[in-house]
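What follows is the residue order along each chain.
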Amino acid sequence: MMSRRAFAQGVALLALLPAFSLAPSAHAAGEPRRGGTLNAIIQPEPVSLTAAVLAAAPTGIVGGNIFDGLVKYDLALKPQPELAERWETSPDGRTITFHLRRGVTWHDGKPFTSADVQWSLEHVWKPLNPRNPALFRNITSAETPDPHTVVFKLAEPSVALFSMLNGNGAQILPKHLYEGTNVLTNPHNAKPVGTGPFVFKEWVKGSHILLERNPNYWDAGKPYLDRIVFRVVPDGAARAAGLEKGDIHYAPLSPIPLRDAERLAKLPTVKVGTQGYDWLSPWLYLDFNVDSRHFKDARVRRAVAHAIDREALIKLVWFGFGKAAISPVPSTLAAFHDLEVPKYPFDPKKAEALLDEAGLKRGPDGTRLTITHDFLPYGEDYRRTGEFVKQSLKRVGIEVTLRGQDTAAFTRRVYGDRDFDLSSSWSGSFPDPQLGVARLYSSAFAGKNIPWSNGSGFRSAEADSIFKAVESEPDPTKRIQAWKRFQVLAQTELPTLPLVELRFFNVYSSRLRNAVTRGDQIFGALTEAWLDEPEKKN
Amino acid sequence: MTRDVLRDGALHAARRFGQIVFVVLGIAVVNFFLLRLAPGDAAEVLAGEAGAATPEFMAALRQQFGLDQPVHVQFAKYIGNILTLNLGYSFRQGMPVSWLILDRLPATMLLMGASIGFASILGSALGFLAARHAGRLTDTVVSVVALLFYATPVFWIGVVLIVVFSVWLDWLPVGGMATIEAGYTGIAYAVDVARHLVLPALTLGLFYLAIYTRLMRASMLQVYGEDFIRTAVAKGVSPRNVAARHVLRNALLPVVTMLGMQIGSILGGAILVETVFSWPGLGRLAFESLFQRDLNLLLGILLSSSVLVVLVNIAVDLAYRLLDPRVEIG
Amino acid sequence: MATIAIARQEGGRRRARLAQRIRANTSAITGGVILLLVLAGALAAPVLYPGDPLDMVAAPFIWPGTDRAHVLGTDMLGRDIAAGILHGARVSLVIGLVATLVSIVIGVTLGALSGFYGGRVDAVLMRITELVQTIPPFLFALAIVAILQPSIPSIVVAIGLTAWPSLARLVRAEVLKIRHRDFVQASISLGVPHWRIIVLDILPNTLAPVIVSASILVASAILTESSLAFLGLGDPNVASWGGMVGAGREVLRTDWYVATLPGLAIVAAVLGLNLLGDGLNDILDPQR
Numbered sequence: 001m002m003s004r005r006a007f008a009q010g011v012a013l014l015a016l017l018p019a020f021s022l023a024p025s026a027h028a029a030g031e032p033r034r035g036g037t038l039n040a041i042i043q044p045e046p047v048s049l050t051a052a053v054l055a056a057a058p059t060g061i062v063g064g065n066i067f068d069g070l071v072k073y074d075l076a077l078k079p080q081p082e083l084a085e086r087w088e089t090s091p092d093g094r095t096i097t098f099h100l101r102r103g104v105t106w107h108d109g110k111p112f113t114s115a116d117v118q119w120s121l122e123h124v125w126k127p128l129n130p131r132n133p134a135l136f137r138n139i140t141s142a143e144t145p146d147p148h149t150v151v152f153k154l155a156e157p158s159v160a161l162f163s164m165l166n167g168n169g170a171q172i173l174p175k176h177l178y179e180g181t182n183v184l185t186n187p188h189n190a191k192p193v194g195t196g197p198f199v200f201k202e203w204v205k206g207s208h209i210l211l212e213r214n215p216n217y218w219d220a221g222k223p224y225l226d227r228i229v230f231r232v233v234p235d236g237a238a239r240a241a242g243l244e245k246g247d248i249h250y251a252p253l254s255p256i257p258l259r260d261a262e263r264l265a266k267l268p269t270v271k272v273g274t275q276g277y278d279w280l281s282p283w284l285y286l287d288f289n290v291d292s293r294h295f296k297d298a299r300v301r302r303a304v305a306h307a308i309d310r311e312a313l314i315k316l317v318w319f320g321f322g323k324a325a326i327s328p329v330p331s332t333l334a335a336f337h338d339l340e341v342p343k344y345p346f347d348p349k350k351a352e353a354l355l356d357e358a359g360l361k362r363g364p365d366g367t368r369l370t371i372t373h374d375f376l377p378y379g380e381d382y383r384r385t386g387e388f389v390k391q392s393l394k395r396v397g398i399e400v401t402l403r404g405q406d407t408a409a410f411t412r413r414v415y416g417d418r419d420f421d422l423s424s425s426w427s428g429s430f431p432d433p434q435l436g437v438a439r440l441y442s443s444a445f446a447g448k449n450i451p452w453s454n455g456s457g458f459r460s461a462e463a464d465s466i467f468k469a470v471e472s473e474p475d476p477t478k479r480i481q482a483w484k485r486f487q488v489l490a491q492t493e494l495p496t497l498p499l500v501e502l503r504f505f506n507v508y509s510s511r512l513r514n515a516v517t518r519g520d521q522i523f524g525a526l527t528e529a530w531l532d533e534p535e536k537k538n
Numbered sequence: 001m002t003r004d005v006l007r008d009g010a011l012h013a014a015r016r017f018g019q020i021v022f023v024v025l026g027i028a029v030v031n032f033f034l035l036r037l038a039p040g041d042a043a044e045v046l047a048g049e050a051g052a053a054t055p056e057f058m059a060a061l062r063q064q065f066g067l068d069q070p071v072h073v074q075f076a077k078y079i080g081n082i083l084t085l086n087l088g089y090s091f092r093q094g095m096p097v098s099w100l101i102l103d104r105l106p107a108t109m110l111l112m113g114a115s116i117g118f119a120s121i122l123g124s125a126l127g128f129l130a131a132r133h134a135g136r137l138t139d140t141v142v143s144v145v146a147l148l149f150y151a152t153p154v155f156w157i158g159v160v161l162i163v164v165f166s167v168w169l170d171w172l173p174v175g176g177m178a179t180i181e182a183g184y185t186g187i188a189y190a191v192d193v194a195r196h197l198v199l200p201a202l203t204l205g206l207f208y209l210a211i212y213t214r215l216m217r218a219s220m221l222q223v224y225g226e227d228f229i230r231t232a233v234a235k236g237v238s239p240r241n242v243a244a245r246h247v248l249r250n251a252l253l254p255v256v257t258m259l260g261m262q263i264g265s266i267l268g269g270a271i272l273v274e275t276v277f278s279w280p281g282l283g284r285l286a287f288e289s290l291f292q293r294d295l296n297l298l299l300g301i302l303l304s305s306s307v308l309v310v311l312v313n314i315a316v317d318l319a320y321r322l323l324d325p326r327v328e329i330g
Numbered sequence: 001m002a003t004i005a006i007a008r009q010e011g012g013r014r015r016a017r018l019a020q021r022i023r024a025n026t027s028a029i030t031g032g033v034i035l036l037l038v039l040a041g042a043l044a045a046p047v048l049y050p051g052d053p054l055d056m057v058a059a060p061f062i063w064p065g066t067d068r069a070h071v072l073g074t075d076m077l078g079r080d081i082a083a084g085i086l087h088g089a090r091v092s093l094v095i096g097l098v099a100t101l102v103s104i105v106i107g108v109t110l111g112a113l114s115g116f117y118g119g120r121v122d123a124v125l126m127r128i129t130e131l132v133q134t135i136p137p138f139l140f141a142l143a144i145v146a147i148l149q150p151s152i153p154s155i156v157v158a159i160g161l162t163a164w165p166s167l168a169r170l171v172r173a174e175v176l177k178i179r180h181r182d183f184v185q186a187s188i189s190l191g192v193p194h195w196r197i198i199v200l201d202i203l204p205n206t207l208a209p210v211i212v213s214a215s216i217l218v219a220s221a222i223l224t225e226s227s228l229a230f231l232g233l234g235d236p237n238v239a240s241w242g243g244m245v246g247a248g249r250e251v252l253r254t255d256w257y258v259a260t261l262p263g264l265a266i267v268a269a270v271l272g273l274n275l276l277g278d279g280l281n282d283i284l285d286p287q288r
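Residue numbers (my numbering), protein chains in the order written: chain A, 1 to 538; chain B, 1 to 330; chain C, 1 to 288.
Quick caveat, the hints were computed from the structure, so don't treat them as lab data. None of the values given here were measured: they were computed from a predicted structure. Treat the hints loosely; a few may be bogus.
[Stated by the list, open to error] What the simulated footprint calls covered on chain C by chain B, stretch by stretch (three residues with Cβ under 8 Å from a Cβ of chain B suffice, anywhere in the stretch; the number is not a length):
id: 1; region: 112-119
id: 2; region: 184-197
id: 3; region: 223-233
id: 4; region: 241-253
id: 5; region: 271-279
A virtual CB, placed ideally from N, CA and C, is assigned to each residue, including glycine.
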């Protein structure tokens with residue numbers, strides 16, 4: 001059966017045929033094929049395209065194609081040269097010298113130099129980095145002995161710094177367009193000028209963002225795609241339909257309902273993959289408000305942990321896209337992940353015993369205590385996680401009132417007013433727990449109305465001293481030991497209950513090749529990606 | 001006599017203008033304070049989306065958005081802006097509100113126009129048919145089918161139409177407003193947009209179809225009972241002509257009124273349809289601005305849609321005059 | 001010729017009138033029966049399905065008709081759909097009825113005051129009504145739910161606060177008609193307190209159109225709740241039809257019954273209410 005659209009494409013291809021027949025063997029056997037428009041989905045619509053001023057995921061996904069970083073991360077999360085061709089660290093760990101790639105230009109034609117890196121450090125990374133300002137404030141100065149060398153001087157050695165130097169974590173902005181302006185309101189944030197493989201072309205709000213191939217890209221011959229259109233498609237069912245039909249070739253960040261992902265994965269024309277998220281390493285957890293009436297007692301928190309069957313949660317709610325989490329450091333951070341932490345296997349009897357011990361006996365209606373649960377307002381999966389938690393806790397005598405709300409109300413309530421008992425959230429750990437995990441447990445963030453930071457209100461001098469020590473510890477082995485100590489502490493006190501190591505997924509057309517070639521692919525460029533010829537339909 | 005009409009017209013225009021000013025100020029005052037009751041602010045939303053923030057970053061955002069000023073200062077500024085026909089600035093989007101609205105307006109007008117057109121024309125035709133065969137099978141079938149579409153949730157119809165017409169039959173696109181990569185211009189572009197418009201307009205229109213069908217049917221039956229129709233029949237005008245010329249013309253009046261009343265409601269319905277079909281219109285923009293606490297933008301949309309409703313109603317009054325010279329504008 | 005035509009036309013009209021009365025009654029009866037079924041379901045829910053309808057009682061995605069214990073199957077979390085629909089009937093009816101009650105209280109009060117006193121009172125109240133009418137009602141309801149946070153009471157308030165203007169206008173028009181009748185004028189000259197006149201003399205006469213509008217308002221409230229739930233603003237603590245459709249749409253392509261069965265319940269209830277409203281309209285207002 002040949003559809004009208006396929007027919008139209010066929011006609012268009014016939015017209016191009018002579019051009020292709022000149023090089024018939026060029027894309028035989030997996031050789032990249034040049035050209036074509038990649039139809040991608042971006043959801044939700046980003047606010048800005050410049051990750052340096054806004055670290056939101058959609059910003060990173062689109063902007064990652066426009067900006068390069070000093071380094072990129074391979075599938076093992078080892079830094080690889082990108083704008084920095086090579087680098088060396090002094091023996092005391094306090095001086096890092098980057099040798100920048102020569103002949104790189106910004107999309108407006110101006111040369112890229114060490115001054116851009118220096119300016120970005122001083123005016124963007126240090127004052128504005130929302131994730132880890134301390135990481136960059138540790139860099140006391142950046143010297144530029146020549147246009148192709150930049151030298152970072154560090155107050156203390158920093159191992160974690162090398163996990164944050166890609167185009168997302170430390171985005172370099174063009175000094176000549178930003179100098180003397182307010183970085184947050186600079187109009188280029190919405191029409192960025194980068195050095196990356198794709199050039200920003202247009203952004204029609206509510207509709208799409210169009211990027212075109214950078215013909216002057218330093219990696220000669222790349223990228224392969226002519227164009228990327230990121231479409232805004234608000235409805236999950238419509239996204240699934242577009243992918244199923246082949247209209248959409250690429251959709252990152254778990255774009256469709258999980259059940260549809262399961263279904264589409266079985267089609268020959270669609271692929272579902274979970275690679276490319278390791279740099280992010282997302283995990284889902286419950287925050288107990290440790291200042292609340294019932295959860296200030298660690299036994300009650302442990303009882304909740306025993307009452308939730310994580311395997312069932314993953315199967316029923318997450319359709320297998322996840323792994324039971326046993327520690328706040330996900331297993332994707334293999335070196336840091338500790339298997340010897342206190343574990344809380346699903347055991348309702350144990351949960352009930354703990355609740356009895358805490359003096360919370362079942363009342364005449366079978367209820368021991370009533371709590372509220374604010375679930376993360378990011379869609380159906382999180383809502384269903386909340387419903388699952390509610391039903392699980394009901395079985396051990398904890399009555400849960402679910403509270404739905406929008407994101408603004410959620411962050412105000414949980415992180416600002418602290419008017420909650422139990423909340424759910426997800427967070428990225430990043431390759432070093434210092435970058436993504438510490439903020440969830442550090443007392444420096446407790447009760448400061450900073451979204452997604454220490455929701456439980458946990459305050460522990462021991463944890464704080466571990467965080468302080470790992471920041472400047474140059475010995476990797478000692479750092480790993482410190483992190484293992486932290487995990488035992490975190491799982492003993494249990495202010496936060498790790499539930500699931502989330503497996504975000506991409507859905508792509510089987511025509512799209514090499515869409516994932518790096519560990520930070522989700523926020524990196526589709527430099528290597530190429531589109532194979534459409535399948536012949538009969 | 002002409003002078004009277006002119007004077008009436010001028011008076012009428014002045015009153016309408018007064019009404020617009022009242023509506024604009026009323027909406028501005030009510031919504032300015034109402035929306036500020038919503039917990040959380042735009043800075044928290046942005047920080048929330050970033051997945052992380054620092055106190056310094058939040059403070060910088062609040063200052064940039066003007067959220068660090070007392071509410072009465074913000075309000076005075078806002079009213080000052082409105083009085084100079086300035087809808088303010090959307091800090092989140094980094095653009096003046098009026099640009100954003102004008103940007104989305106064509107898509108919304110197109111969707112509203114197409115669905116209202118579809119609903120009112122087909123609805124009137126079906127209502128006409130039902131009234132002509134009042135009490136017979138045709139009447140019952142038409143009424144029940146129209147009612148069924150009315151009773152089915154809009155979003156459900158939308159998703160089913162996508163599955164049937166886009167995925168199974170592959171006749172129409174899944175969503176969006178145009179084939180972006182094709183770079184069509186001129187007629188090809190118009191055709192492309194029209195293909196994208198069919199399903200959303202149908203979905204939104206089907207809901208209103210029932211309303212127009214029932215309205216038309218009821219009002220036809222009522223007009224049939226009036227004296228001048230009986231006179232026409234007595235004069236020997238053929239039933240078909242009576243129906244088409246006299247009854248239809250007069251029965252259209254309530255349909256036109258309904259059009260005016262429904263503009264606001266359709267913008268609300270458009271939120272659902274624009275969501276299902278990724279249609280880049282105002283309804284979706286309003287919905288998102290609400291959740292992003294982009295209050296300047298949301299207020300701007302509310303204000304413009306209210307003014308639109310008033311304007312459409314003025315147009316309806318004029319249409320009334322054309323359709324029925326007996327009507328005096330009250 | 002002309003006389004015959006008139007006679008024929010008269011006969012035709014009489015026939016049409018008769019047909020209309022019959023139709024009205026069929027319509028009212030059909031609507032009434034559907035509603036009684038919905039009501040019966042709502043009342044039977046705690047008997048047939050005691051306990052929480054949101055409880056995960058079985059394996060997920062049991063198809064309807066394949067398991068005797070779960071005749072309408074289960075959803076993605078293994079919740080019984082039949083239990084959800086029956087319990088959901090209670091929630092949907094309560095939302096519809098209470099929201100309509102809120103609308104009626106506001107609409108009838110404003111409409112009656114406006115129509116009875118006229119003049120400035122009328123001008124002010126009608127300007128307010130017009131003002132509310134210019135705001136897209138669904139958007140207004142969304143904003144109210146977002147401000148109050150999604151829960152059954154806030155959904156009821158949101159729908160009630162946005163649906164009253166048409167009722168206010170309707171009641172005002174009716175009151176204007178009745179206000180100048182002799183019995184009202186007599187009461188006024190006798191010095192009967194105004195509120196007594198409004199409540200005892202005038203409002204009973206506006207009852208018929210209010211009842212007809214109310215049935216339509218209940219239907220539209222049920223639809224609005226489902227739309228709010230579709231956009232993620234339902235109350236997560238109860239099984240409501242809208243919430244079930246909203247959750248089920250994610251699996252529409254694989255397990256269509258999850259969203260469709262509660263969807264059919266919505267269709268049935270809305271259809272029933274509209275048929276009843278139509279029928280009552282023709283029965284209560286025989287001039288039409």
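Hint numbers not upheld by this structure, sorted from lowest to highest: Hints 1 and 2 contradicted; others consistent.
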